[in-house]
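Below are the chains, spelled out letter by letter.
Protein chains: 6
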Amino acid sequence: MTRLRAAIIGGGNIADKNHIPALSQLSEQVELVAVCSRDQTKARALADKHGIEHAFDNTGELYRQCSPDVVVICTPNNLHYPQTMEALEHNCHVFCEKPPAISGQNARDMANLAAAKGRVLAYNFQLRQTSEWTLLTRCQEDGLLGDIYHIKAHFLRRRGIPGWGYFTNKAMQGGGALMDLGVHVLDLALCALGYPTPDQVSGNTYDFIGKAGGKGLMGSWDPQTFEVEDAATAYLSFPNKSSIMLSASFALNTQTDKDRNLEIFGSKGGVKLFPFVLHTEVAGELADIQFPYLEETDIQLKNTAAFLDACRGKPSNVCTAEQGAILQEIVERIYQSAAS
Amino acid sequence: MTRLRAAIIGGGNIADKNHIPALSQLSEQVELVAVCSRDQTKARALADKHGIEHAFDNTGELYRQCSPDVVVICTPNNLHYPQTMEALEHNCHVFCEKPPAISGQNARDMANLAAAKGRVLAYNFQLRQTSEWTLLTRCQEDGLLGDIYHIKAHFLRRRGIPGWGYFTNKAMQGGGALMDLGVHVLDLALCALGYPTPDQVSGNTYDFIGKAGGKGLMGSWDPQTFEVEDAATAYLSFPNKSSIMLSASFALNTQTDKDRNLEIFGSKGGVKLFPFVLHTEVAGELADIQFPYLEETDIQLKNTAAFLDACRGKPSNVCTAEQGAILQEIVERIYQSAAS
Amino acid sequence: MTRLRAAIIGGGNIADKNHIPALSQLSEQVELVAVCSRDQTKARALADKHGIEHAFDNTGELYRQCSPDVVVICTPNNLHYPQTMEALEHNCHVFCEKPPAISGQNARDMANLAAAKGRVLAYNFQLRQTSEWTLLTRCQEDGLLGDIYHIKAHFLRRRGIPGWGYFTNKAMQGGGALMDLGVHVLDLALCALGYPTPDQVSGNTYDFIGKAGGKGLMGSWDPQTFEVEDAATAYLSFPNKSSIMLSASFALNTQTDKDRNLEIFGSKGGVKLFPFVLHTEVAGELADIQFPYLEETDIQLKNTAAFLDACRGKPSNVCTAEQGAILQEIVERIYQSAAS
Amino acid sequence: MTRLRAAIIGGGNIADKNHIPALSQLSEQVELVAVCSRDQTKARALADKHGIEHAFDNTGELYRQCSPDVVVICTPNNLHYPQTMEALEHNCHVFCEKPPAISGQNARDMANLAAAKGRVLAYNFQLRQTSEWTLLTRCQEDGLLGDIYHIKAHFLRRRGIPGWGYFTNKAMQGGGALMDLGVHVLDLALCALGYPTPDQVSGNTYDFIGKAGGKGLMGSWDPQTFEVEDAATAYLSFPNKSSIMLSASFALNTQTDKDRNLEIFGSKGGVKLFPFVLHTEVAGELADIQFPYLEETDIQLKNTAAFLDACRGKPSNVCTAEQGAILQEIVERIYQSAAS
Amino acid sequence: MTRLRAAIIGGGNIADKNHIPALSQLSEQVELVAVCSRDQTKARALADKHGIEHAFDNTGELYRQCSPDVVVICTPNNLHYPQTMEALEHNCHVFCEKPPAISGQNARDMANLAAAKGRVLAYNFQLRQTSEWTLLTRCQEDGLLGDIYHIKAHFLRRRGIPGWGYFTNKAMQGGGALMDLGVHVLDLALCALGYPTPDQVSGNTYDFIGKAGGKGLMGSWDPQTFEVEDAATAYLSFPNKSSIMLSASFALNTQTDKDRNLEIFGSKGGVKLFPFVLHTEVAGELADIQFPYLEETDIQLKNTAAFLDACRGKPSNVCTAEQGAILQEIVERIYQSAAS
Amino acid sequence: MTRLRAAIIGGGNIADKNHIPALSQLSEQVELVAVCSRDQTKARALADKHGIEHAFDNTGELYRQCSPDVVVICTPNNLHYPQTMEALEHNCHVFCEKPPAISGQNARDMANLAAAKGRVLAYNFQLRQTSEWTLLTRCQEDGLLGDIYHIKAHFLRRRGIPGWGYFTNKAMQGGGALMDLGVHVLDLALCALGYPTPDQVSGNTYDFIGKAGGKGLMGSWDPQTFEVEDAATAYLSFPNKSSIMLSASFALNTQTDKDRNLEIFGSKGGVKLFPFVLHTEVAGELADIQFPYLEETDIQLKNTAAFLDACRGKPSNVCTAEQGAILQEIVERIYQSAAS
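Line by line, the protein sequences are chains A, B, C, D, E and F. Each residue of the first sequence is one higher than the last, beginning at 1 in our numbering. Each residue of the second sequence is one higher than the last, beginning at 1 in our numbering. Each residue of the third sequence is one higher than the last, beginning at 1 in our numbering. Each residue of the fourth sequence is one higher than the last, beginning at 1 in our numbering. Each residue of the fifth sequence is one higher than the last, beginning at 1 in our numbering. Each residue of the sixth sequence is one higher than the last, beginning at 1 in our numbering.
The set of hints was computed from the structure by calculation and includes no laboratory data. Please read these numbers as outputs of a predicted model, since none were measured by experiment. Accuracy of the hints is not assured; some may be wrong.
It does not matter which identical chain is meant; a pair holds if it fits inside one copy or across any two.
Cut-off 30 angstroms, straight-line C-alpha distance, at most; resulting in silico cross-link-like pairs (BS3-like, lysine-lysine) [said to hold, decoys possible]:
id	residue 1	residue 2
1	K272	K258
2	K241	K170
3	K241	K98
4	K314	K170
Whole structure, please, built from the sequences with the hints as guidance.
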């Protein structure tokens, strides 16, 4: 098997802790040849730390010198669009961090270019690789849930506004809790329904707690620079009458520190995802089913492998460019509904 | 104090177990003079059981012979409208079971006639009298919650389709889980927000489990005669950007037998209603506050008393004719959204 | 449907509290015409209490005057044999309390005579009617357990030697904890395996605590009159290599007051009976399955109905004469092993 | 004190992690002079790791060059017999891993030769050194249990078939769950009874789950090479009427992942071993007694020390050659009963 | 056995619910001949209810007409002294409610007169008859505690100021929480130490919450008429250096509604009384010992029986006149310390 | 900011693990220039380990060569007095380990000299820096507790007599559990009350368990050298009628291994300190308030910083010389009461 030659764009935590280690473990399939960061010193240090040959401070040089097959993008949300377009133009496969982009149109353009170029564009929604989601998929395939018609999806923090980074910067992130957290559970909910496009989207966003300032599990934050929503809620209704209730928060006066879950309701069975419980009939009686041996897996490793499978034309459950576009358009419609 | 003269219309369980006992305990304020049921034998038996003088099998006779000051209506939902209109025409105060009616227009007409006649029309949403709701109101008044901007309200049964009565009859009930259960928590959620009218209503209804037939905590039901929704979900968005997520079910593949609750999120604090927990800052630190001495109260007795207070012009927190019309219009908009 | 005419022999607690109420509830199928007890006064009182016409102090008179179709025997164990034989000779169907008899040969003779007479002889092992056992049977039928190859069955009391009655009288009862308690769970274990006859039986009995005297949950007992085993353990091995581990105790230095359970191990799944948990694969993963809606049933009523079904030639899961003989022979082999 | 000169035969995990560290900690009493493994490279590496002078790939050379006083045998079960016999012939004390051998006769021969040679032969049943067993012994000595008459002993894994090593190889291991796990709790049960020889042994073995293949807590296993029992059950009856119920499993459809315990029933008290609870009378009342300060101990270190004590003629609770022979004969009788 | 003739003085709840039922159950030993209450109607009604012949509204008439052997006094605390003295003067045995009196001197005079008259005077501290106290006594006798050197005794209510009766009336009750609740646990603590007289008494009383008014588990109370302590704490030091820490409250900002307990610390063992746990060495290891079969007993019945035993000269553990005097003197010293 | 020059006296664990690391983290404010220990080798090793320049074996040389601004004293209790006096004479600020001294007079003299010299003398009661105590202080300031009138303070170990060090040496430590553990919670209790001087002190000390010898969580101890109290109890009464109940133990037959807590009772609210729970009224109802985000802090670091603040004349909550004298005088009065 010829190894793919990969480059990383973005030199932050997510490159260092997630993507580079995953790619390193998959060295039979992929060779990591370059790191690119605005800051050359940072790029060089990261490359040295992981034994990568090249370090660049601009992508032009990267493409010129390295001609990678694959590009992994882990920069702020507002850069996903231009960097993905550039990579596709260079005929690279692209593995882009979530969310796809900061507007629906951008994500749609990205999908179109990938299709035109015949390249893989995929997004890093790693929760698809949890044991729980694998099992959910298996339950669906085995007909244990019947028709799924409603999903409650939420990703809530009580006091979890990051006091560092650019999470509260509207221009760079495109939004707050919905953009950063909500998209994870929205992606799963859409998967369970077959990734349909909703005919109705209604939503609201809030920023009371963010604007008031305070401290929490992720340090204290500055109300002056808090430009995004601290919480968002939405309702999606689909042509087949199925629906999703979505909530996401950086901060909310709720009772748990962090609550990330999906409840999936079907005609034959229902599932609560974390921890996984299945409600369906067994031997003619309503049963509650738990799975004691579900184990934690390295979801980044599995998602990177899924991306590489897609690059080689193998079956893969990685989030596709088309799915990313659908999701990002929904996110935009939520923000529009909230603003109307 | 002159005692009001009251008549009960409807001879079923709710008359026998809820309204007549409550009125009896309030005998200093009210005298129960007549019972009216389609079935004269039933009416007579009920009257005898509770020591009530008159028993009728039609309302015409009732008004002719008794001229009550107050009429309490505990008949199927589709009769609320005609019987309330008739009672108001006879210049009676009316205490009507929930839901107000089977259409928004009916409820609006009822409110208009009550206003025109200068009579009290009120609806029996007794959860307003729980200790938890009283305390919630007090917390709001004391500013512990700040601005309330989102409420999750649900009234879910896992397998609780009544196998008896006319709960699954569309013509008589006007709907299923939303009409029977959802209205209770919707009423509370609207109270917390000041009973505004939403500018957006989006919802869906489902009937997979009802149509499949089965058994549950309330006996087994016949899929042939199951004409209503077994579950409904909705999202309400208000002009001030606050919102309500509502779910109600007779049957749902969820994990608890019965789950009725509201989560109320405000800028300064949040509350989970059952059991009551308040999340707000105390001494500069985020605190979880429980109230060990909240006691169960006789909510029917207190709600009947609140209705009588309204009749006498005293302050009262009973559900008004206007509120009932707003609520019923919302319910109708949910059904319309689901059908569209 | 012609009603069967039934007589009760034995005027103790189990007649008064279990059998007569069950028969009374089944009055469409059976008419209870007589009670017979050694003590005429007791018989008369019991008959009067339950509105039964005849009361006798000897069975001869009973048969002479009443010619019952059905006889229910609730006397001490040592009387089961003679009274059953007499009833069968009078061509009655017999519903006899457990254990079948105090020797294997007796139970075998009883089965033979029933067969010869073409009458139903059945034993009152009511645990077969618990919701748990019904579900176990359903799980077996649905293939969820595969081949069952080992069962642990126990019925243990920590300090539960009855201080009243004749439970510790060897001549009347034929034995102690095994005869009174162990037979219940042994019957279920044998059912699960198809009621085979073991090729090996090994067991032991003990009486240390009984002989020492003491007090417990069922009063204090007299060591002088303690003639039976306070505990018994046994191992049964069957021709197909399946096996049963059995333990029963009136008194044992163990950690729970009362512990009655079966653990059933099969090639595809296993079950712990109380409370019911099923361990088997679902969606390719090992699962623990609980059934939240199992409800307590009136097991005496259901077992009496099952007996009557058998009398009418309908399918029935009541313990048959043949099964009773197999069980009693096993019990005898355990005592023999213990004594050898 | 002259130090004993010791050699280790077997270069696997149990030598590396258990025996060598224990001997190293006891360096005042014993000097570890050689390691012997079929694989010279492995032997040398292990010797170097632990600072041991000699490394051999055959025992002949070992005895020729080193003349050890003590030999520790940690090879597959089928080698215990020939290597122990050889070591005894060289007048060594022998500390052999459990089980003693793969046949009762072998273990008997080993005991006989040890006796003839006047050397210590002991087996490494380390559970005898747990705090719980020390306390059990003390309770027995203090008379808190009275006469022990029944013991339930089990060592069960739900899905714990090792996917590595030779645990499922019949020729090398001599058996499966009974040989590997069951012997541990059987040894303790026999200790509590004074290591008597049973007059009756009845048992069965099973391999449904092993033969089906699958995965579990110890990886996935190959049904093709699964030659041993995945579960065994047995009943032992002793001349004084005491008895043991024994169960062991690598795989069983039960509810806990791993369940290793003994319940010991005596005339005055009973004990559940893990965690230790004593049931006996205190101040005239039945009491449940827990011991909050029992601490985990280094059971290998204590057992090795106990072996060395035995070598020096001091009191020791290590498993003797005679006990090992009794145990192995019982194991063989269980397999014979299962096969008959 | 000649039956003693008894009269009850006081017609309140404690006569009706506690003393008369207990005496009625002991009718083989005692005949209840008269009831006396200030209110003749009440006395007559109570007598009729319980089938007692005489009813009086003054004690003079009672003694004149009935000449009782035994008098049971259940009046407000301030009447204990005059009524006991009068009864003793009439040569009656006296069973007086707790506390003995409202001053130490009164209790001392009562003891002296009882001694002079050779009559039994006993106080109704029924907690002495709980199973827990019986077991504590047995543990002491068996030497399981060694020398007891410190006791923490408390009887705390969080919000339990009675809104009815005369519990907050200083003149009638002599005090508040200490007088009503604290004496119960103080009596037990003194028993455990052998009822010594302390050489040091230090204490304080409080009334913040009582004086503020409020509501609680026993209704709402009037701060205007609240004249007693709502809480008291004290430390008693005895000549042998043992000590008691005592606390009692009607109202306290603590975390449990009602907390009544004793912790008893001895040289060999310690006990927490409710629920009973014993901490001592077993088999050489520190053990926590629980007693699963302790059962609730009818403590009033047993205490009345103990009083009657005392009257007949039998051994009895009822609180004696001398003990009552010691206790009351301690209570008085606590109040003096608090006031100093 | 000029850095203060500091020296440590005492080379034990508390210097190595607590004070030197804290001072090192505060290196912007303070420079650690010397360590002094009786044992020069130990002093040198400690200095080298932490990169400190000077190491002395006598304080004379220390003062001569280094002239420190600040001295931190972590020697046995009996040396606190002479070493503090010497340091003050050299015009140093002194941060002294708890307890202040082994007599009240010593602590008073130390406070007087510090005042005369105008130097800061402070004691290292670090529990003042826990998040719980910070929050308690805030609750007091916010008026949530009202007037505090009673405090239960205890620091109990069940079997925690140190088997090493000089904790049981009377001459060096001045006492046992009270001196070592009790002072911590006594200091907090006094803080909550405003550090008043009690008008009554009553107490007792015990040594039954210590004198008996044994083992526990801190090893085994020698009864021969056990010279101090293993437990102490005391009651303090203050002029304003508030009171403290204090208990401390190295060993006590109680139910928890280690139990350190304060319960603080006020007119408006109460607090249990570990974990922190506040009981007070919220929205007119009695509430239980918990604080989910209280986090563990580095209490030594914060207390050292508080001492340095005091040295620089800033506000500080470190224990002052005057408070230390009041506390030590109380301790002495407890010992005197126990001995009288």
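For each hint, the structure was consulted:
no.	hint	in the structure
1	K272 <-> K258	both (16 angstroms within a copy, 16 angstroms between copies)
2	K241 <-> K170	between (34 angstroms within a copy, 20 angstroms between copies)
3	K241 <-> K98	both (28 angstroms within a copy, 28 angstroms between copies)
4	K314 <-> K170	neither (38 angstroms within a copy, 42 angstroms between copies)
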